[in-house]
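Novice: The residues making up each chain are set out below.
2 protein chains.
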Amino acid sequence: MIGHSLSAVRIGIETPNEAHVFMHRDCHVCRAEGFTSRTSVIVTYGARSVIATLFPVTSEIIKPMEAGLSEWAWQELGLVPGARVTVTHALPLDSLSAIRGKVYGNRLDSISLERVIRDVAAGRYAGIHLSAFLTACAARPLDFDEMRELTRAMIDVGRRLHWPVPKVMDKHCVGGLPGNRTTPIVVAIAAACGLTIPKTTSRAITSPAGTADTMETLAPVDLSIDAMRRVVDGEGGCVVWGGAVQLSPADDILIRAERVLDLDGEGQMVASILSKKLAAGATHLVIDLPVGPTAKVRSFEAAQRLAQSVVDVGRAFGLVVKPILSDGTQPVGSGIGPALEARDVLAVLQGGPLAPADLRDHALAIAAGLLELGGAARDGEGRQIAAECLRNGQAWAKFQKICAAQGGLREPPTAKYTRTAEMRAAGAIDRIDCRRLSRIAKLAGAPDAKAAGLQLHVRLGMPVSRGQPAFTVHAESPGELDYALAYIEANPDIIGILHP
Amino acid sequence: MIGHSLSAVRIGIETPNEAHVFMHRDCHVCRAEGFTSRTSVIVTYGARSVIATLFPVTSEIIKPMEAGLSEWAWQELGLVPGARVTVTHALPLDSLSAIRGKVYGNRLDSISLERVIRDVAAGRYAGIHLSAFLTACAARPLDFDEMRELTRAMIDVGRRLHWPVPKVMDKHCVGGLPGNRTTPIVVAIAAACGLTIPKTTSRAITSPAGTADTMETLAPVDLSIDAMRRVVDGEGGCVVWGGAVQLSPADDILIRAERVLDLDGEGQMVASILSKKLAAGATHLVIDLPVGPTAKVRSFEAAQRLAQSVVDVGRAFGLVVKPILSDGTQPVGSGIGPALEARDVLAVLQGGPLAPADLRDHALAIAAGLLELGGAARDGEGRQIAAECLRNGQAWAKFQKICAAQGGLREPPTAKYTRTAEMRAAGAIDRIDCRRLSRIAKLAGAPDAKAAGLQLHVRLGMPVSRGQPAFTVHAESPGELDYALAYIEANPDIIGILHP
Numbered sequence: 002m003i004g005h006s007l008s009a010v011r012i013g014i015e016t017p018n019e020a021h022v023f024m025h026r027d028c029h030v031c032r033a034e035g036f037t038s039r040t041s042v043i044v045t046y047g048a049r050s051v052i053a054t055l056f057p058v059t060s061e062i063i064k065p066m067e068a069g070l071s072e073w074a075w076q077e078l079g080l081v082p083g084a085r086v087t088v089t090h091a092l093p094l095d096s097l098s099a100i101r102g103k104v105y106g107n108r109l110d111s112i113s114l115e116r117v118i119r120d121v122a123a124g125r126y127a128g129i130h131l132s133a134f135l136t137a138c139a140a141r142p143l144d145f146d147e148m149r150e151l152t153r154a155m156i157d158v159g160r161r162l163h164w165p166v167p168k169v170m171d172k173h174c175v176g177g178l179p180g181n182r183t184t185p186i187v188v189a190i191a192a193a194c195g196l197t198i199p200k201t202t203s204r205a206i207t208s209p210a211g212t213a214d215t216m217e218t219l220a221p222v223d224l225s226i227d228a229m230r231r232v233v234d235g236e237g238g239c240v241v242w243g244g245a246v247q248l249s250p251a252d253d254i255l256i257r258a259e260r261v262l263d264l265d266g267e268g269q270m271v272a273s274i275l276s277k278k279l280a281a282g283a284t285h286l287v288i289d290l291p292v293g294p295t296a297k298v299r300s301f302e303a304a305q306r307l308a309q310s311v312v313d314v315g316r317a318f319g320l321v322v323k324p325i326l327s328d329g330t331q332p333v334g335s336g337i338g339p340a341l342e343a344r345d346v347l348a349v350l351q352g353g354p355l356a357p358a359d360l361r362d363h364a365l366a367i368a369a370g371l372l373e374l375g376g377a378a379r380d381g382e383g384r385q386i387a388a389e390c391l392r393n394g395q396a397w398a399k400f401q402k403i404c405a406a407q408g409g410l411r412e413p414p415t416a417k418y419t420r421t422a423e424m425r426a427a428g429a430i431d432r433i434d435c436r437r438l439s440r441i442a443k444l445a446g447a448p449d450a451k452a453a454g455l456q457l458h459v460r461l462g463m464p465v466s467r468g469q470p471a472f473t474v475h476a477e478s479p480g481e482l483d484y485a486l487a488y489i490e491a492n493p494d495i496i497g498i499l500h501p
Numbered sequence: 002m003i004g005h006s007l008s009a010v011r012i013g014i015e016t017p018n019e020a021h022v023f024m025h026r027d028c029h030v031c032r033a034e035g036f037t038s039r040t041s042v043i044v045t046y047g048a049r050s051v052i053a054t055l056f057p058v059t060s061e062i063i064k065p066m067e068a069g070l071s072e073w074a075w076q077e078l079g080l081v082p083g084a085r086v087t088v089t090h091a092l093p094l095d096s097l098s099a100i101r102g103k104v105y106g107n108r109l110d111s112i113s114l115e116r117v118i119r120d121v122a123a124g125r126y127a128g129i130h131l132s133a134f135l136t137a138c139a140a141r142p143l144d145f146d147e148m149r150e151l152t153r154a155m156i157d158v159g160r161r162l163h164w165p166v167p168k169v170m171d172k173h174c175v176g177g178l179p180g181n182r183t184t185p186i187v188v189a190i191a192a193a194c195g196l197t198i199p200k201t202t203s204r205a206i207t208s209p210a211g212t213a214d215t216m217e218t219l220a221p222v223d224l225s226i227d228a229m230r231r232v233v234d235g236e237g238g239c240v241v242w243g244g245a246v247q248l249s250p251a252d253d254i255l256i257r258a259e260r261v262l263d264l265d266g267e268g269q270m271v272a273s274i275l276s277k278k279l280a281a282g283a284t285h286l287v288i289d290l291p292v293g294p295t296a297k298v299r300s301f302e303a304a305q306r307l308a309q310s311v312v313d314v315g316r317a318f319g320l321v322v323k324p325i326l327s328d329g330t331q332p333v334g335s336g337i338g339p340a341l342e343a344r345d346v347l348a349v350l351q352g353g354p355l356a357p358a359d360l361r362d363h364a365l366a367i368a369a370g371l372l373e374l375g376g377a378a379r380d381g382e383g384r385q386i387a388a389e390c391l392r393n394g395q396a397w398a399k400f401q402k403i404c405a406a407q408g409g410l411r412e413p414p415t416a417k418y419t420r421t422a423e424m425r426a427a428g429a430i431d432r433i434d435c436r437r438l439s440r441i442a443k444l445a446g447a448p449d450a451k452a453a454g455l456q457l458h459v460r461l462g463m464p465v466s467r468g469q470p471a472f473t474v475h476a477e478s479p480g481e482l483d484y485a486l487a488y489i490e491a492n493p494d495i496i497g498i499l500h501p
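First to last, the sequence lines map onto chains A and B. If you read the first sequence in our numbering, its first letter stands for residue 2, the second for the next number, and so on. If you read the second sequence in our numbering, its first letter stands for residue 2, the second for the next number, and so on.
In short, the hints are calculated from the structure, not lab data. Ideal Cβ placement from N, Cα and C applies to all residues, glycine included.
Label-pair restraints from in silico Cβ distances: (1) A:G79 to B:R260: 31 to 41 Å; (2) A:D313 to B:S60: 45 to 55 Å; (3) B:A491 to A:G235: 49 to 59 Å.
These stretches of chain A come out as covered by chain B in the derived footprint (C-beta under 8 Å, 3 or more residues): (4) 20-32; (5) 53-59; (6) 131-141; (7) 256-262; (8) 433-447; (9) 478-488.
Please build the complete structure, drawing on both the sequences and the hints.
Specialist: Shown next, in the form of structure tokens:
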């Protein structure tokens with residue numbers, strides 16, 4: 002198609018994972034090309050190009066013959082001030098026809114899935130298209146072949162890591178449970194016991210903390226692949242942020258849309274988990290499935306079905322998967338938020354008297370699975386070996402070495418502003434709403450404010466008296482603290498009580 | 002929730018039907034409220050408020066403590082320079098849980114549908130949410146009760162017109178066929194025969210012309226409800242733009258998303274058609290269903306099923322519906338684009354020798370249905386009476402009076418730049434791709450450039466020789482003409498030939 006050269010302007014608008022381009026309504030390119038609001042266009046700079054959504058502008062922030070690029074577009078294109086770009090119509094999204102077919106009951110074959118995932122990874126799908134794909138795959142559940150081919154397509158659009166050992170261990174938690182920060186503990190135990198566990202983790206998208214956010218309060222996590230390799234070569238394990246590594250990039254985009262919709266189709270979840278782990282080079286995987294009314298998986302039947310699909314589809318790729326179903330009825334540990342969760346992790350690793358017993362138990366169960374899968378323990382003996390490794394300080398020593406190799410162990414920050422919410426009545430705790438606790442932690446500033454979040458002082462079944470501390474909110478600014486407190490005030494039923 | 006006063010800035014970015022707000026990343030409100038990119042917020046100015054998508058800005062186009070509003074937001078809020086607005090978190094979209102239920106196979110009840118449609122009409126759904134609703138309703142087809150309740154919910158969120166006559170006629174075409182501009186002809190005949198037909202029409206969303214765009218080249222269409230009433234009181238009929246009237250506003254928003262996805266669930270289509278007509282006060286409706294491989298309805302079976310649903314659901318609201326299945330294998334008339342279609346309409350109304358016979362036939366079939374439904378003709382005699390009304394000039398006289406009452410009949414504009422595409426081989430025409438012809442008309446500038454579009458010189462089955470004119474592109478600028486010609490060059494198979 003015909004191109005038109007325009008002067009690139011850095012307009013400074015933040016549109017993560019999506020390019021926006023702003024052009025003056027009176028620009029002759031807009032007129033000649035028939036660009037209107039939300040036209041999908043291709044912006045090209047030299048050999049690079051990006052799909053962008055166009056917005057016409059009528060004010061002087063953009064002049065005719067200029068193209069204002071959002072931050073994400075500017076960086077994707079590697080632009081410099083004064084650069085010339087061309088803007089042309091984007092091609093129609095042919096892969097949408099496969100999604101329409103799925104909506105009306107056709108199966109998705111491997112070629113269709115490849116096309117869809119290629120378009121997703123290239124950023125050609127707007128939210129409206131991503132949502133159609135995710136909703137169709139949830140309403141018309143994927144069969145085994147579709148799950149396998151979706152997994153394959155998602156692996157193929159990204160990088161794939163290879164490790165020079167026969168067994169590469171990994172773990173995954175099907176989320177939804179705040180505070181469930183077992184990964185640093187599990188990696189330390191597994192690596193201390195001689196296994197190879199190159200762990201890539203993610204940052205929070207809608208939760209108050211991702212494992213990468215928590216780990217970052219203890220050591221740098223933003224490592225290149227080469228730096229990650231050096232850590233794993235030296236220590237057997239690492240806990241780094243996977244974002245820079247470009248493993249299954251379509252998954253990141255799909256997950257973001259899934260969370261907006263709060264929609265997790267089983268097939269989508271299976272492909273998401275397996276594509277990330279297979280791309281990271283895993284051969285053996287323990288998958289943790291917390292089950293609870295406000296967790297991602299809400300019934301044991303659903304957990305068993307999901308676990309079976311992960312095992313079956315994993316097997317098609319030579320991956321050995323061990324599922325562990327766990328209690329997801331309340332948060333794990335006491336902290337919710339990056340630094341507060343990091344303190345729980347440190348307490349467990351250091352074996353302190355105040356270490357949350359549930360986090361320790363849960364981490365041991367997962368570590369046991371890994372030790373048995375990886376051949377570092379006989380079946381049935383994993384837990385004992387893992388517990389000994391924690392007790393004798395080997396796990397803590399290994400964790401310190403891993404942090405040093407990643408750039409240096411550091412102290413998690415503490416919050417300047419705290420306020421404790423009290424129980425409003427006496428009785429026994431019979432319900433803890435994980436979703437709304439997460440919301441409080443986020444309103445208090447987590448995960449961007451690393452020290453923000455909350456500390457939970459009660460557990461299910463615990464008898465409480467009126468006025469007893471329920472949880473303490475931590476914030477880095479008074480405004481954020483107020484905001485969280487206003488939400489608590491408006492939601493008196495987050496912690497449910499059975500009256501005596 | 003807590004509000005913060007900011008200075009409103011008119012940033013001049015066009016985001017039709019969706020509010021965007023731009024705030025500086027360093028603004029303390031952004032920090033305190035935890036606003037990040039795409040946070041859904043409520044912007045309030047006095048008694049008015051609007052749901053908006055927030056984008057942080059790092060450049061000086063917005064200062065801290067300013068809120069830059071997109072054009073649509075500025076107008077919705079009725080802002081004036083220097084106004085103070087507050088920006089707070091939007092409430093979570095509780096109605097999404099009903100959509101999740103539908104995805105997993107539950108029925109949508111009337112309360113859920115009311116909540117969804119209220120959120121849609123209030124602009125609380127982004128594209129990603131709209132798409133989930135539309136995809137779920139297509140993948141898990143709506144049953145009769147769901148269609149009825151969806152229709153009711155869509156009527157209830159908008160205005161509803163009432164007319165002081167027992168029979169209020171309306172027509173609707175299930176689109177997809179370029180040039181099918183029967184409405185002005187049908188309204189003229191029906192009104193000339195004494196029926197009441199207060200016709201509201203729409204502008205093009207993705208097509209080269211909507212009926213409102215075509216009619217606007219002949220008379221003003223942007224009438225208030227009061228002005229529309231005066232035209233109908235005096236002349237029995239009108240052809241106005243329905244956009245200002247706020248009938249079934251959720252439908253406009255859903256249709257826009259449907260077209261992006263090219264997805265038409267049957268239930269959605271039924272509710273869309275009926276909610277608009279019932280809100281406009283219709284009691285009797287003729288529905289035109291063109292069937293063809295590139296039309297919206299692609300098989301007679303699908304057309305019959307859709308027709309039956311419209312009849313059944315219509316009956317639940319006391320609406321009498323008569324479906325007419327028609328030939329949708331090629332464009333109707335010769336013009337595609339506002340002014341070119343208007344010329345076809347005039348030719349039929351004036352009875353000229355060059356009037357397209359297919360457009361005349363099709364309009365007569367629909368008019369006949371209306372005359373019989375409305376009691377202006379006995380069953381089986383509608384067509385004869387309609388044809389006579391055209392022949393004796395009464396329809397043309399009525400049309401001129403309607404145009405005069407709407408603000409004055411005018412001459413459609415003509416294009417400055419034209420180019421004729423020729424047949425590349427001899428044979429018989431056996432396929433005409435309506436979708437790609439529409440695309441050419443749009444590349445040439447339609448519907449914004451009123452004179453732009455194309456004129457088709459061939460019909461299915463017609464024998465042609467090499468070099469014979471196939472169609473003529475009309476454009477208002479040389480750039481747009483070139484753009485359409487480049488597309489024609491790249492798509493030599495838009496008109497298919499059966500070689501002799």
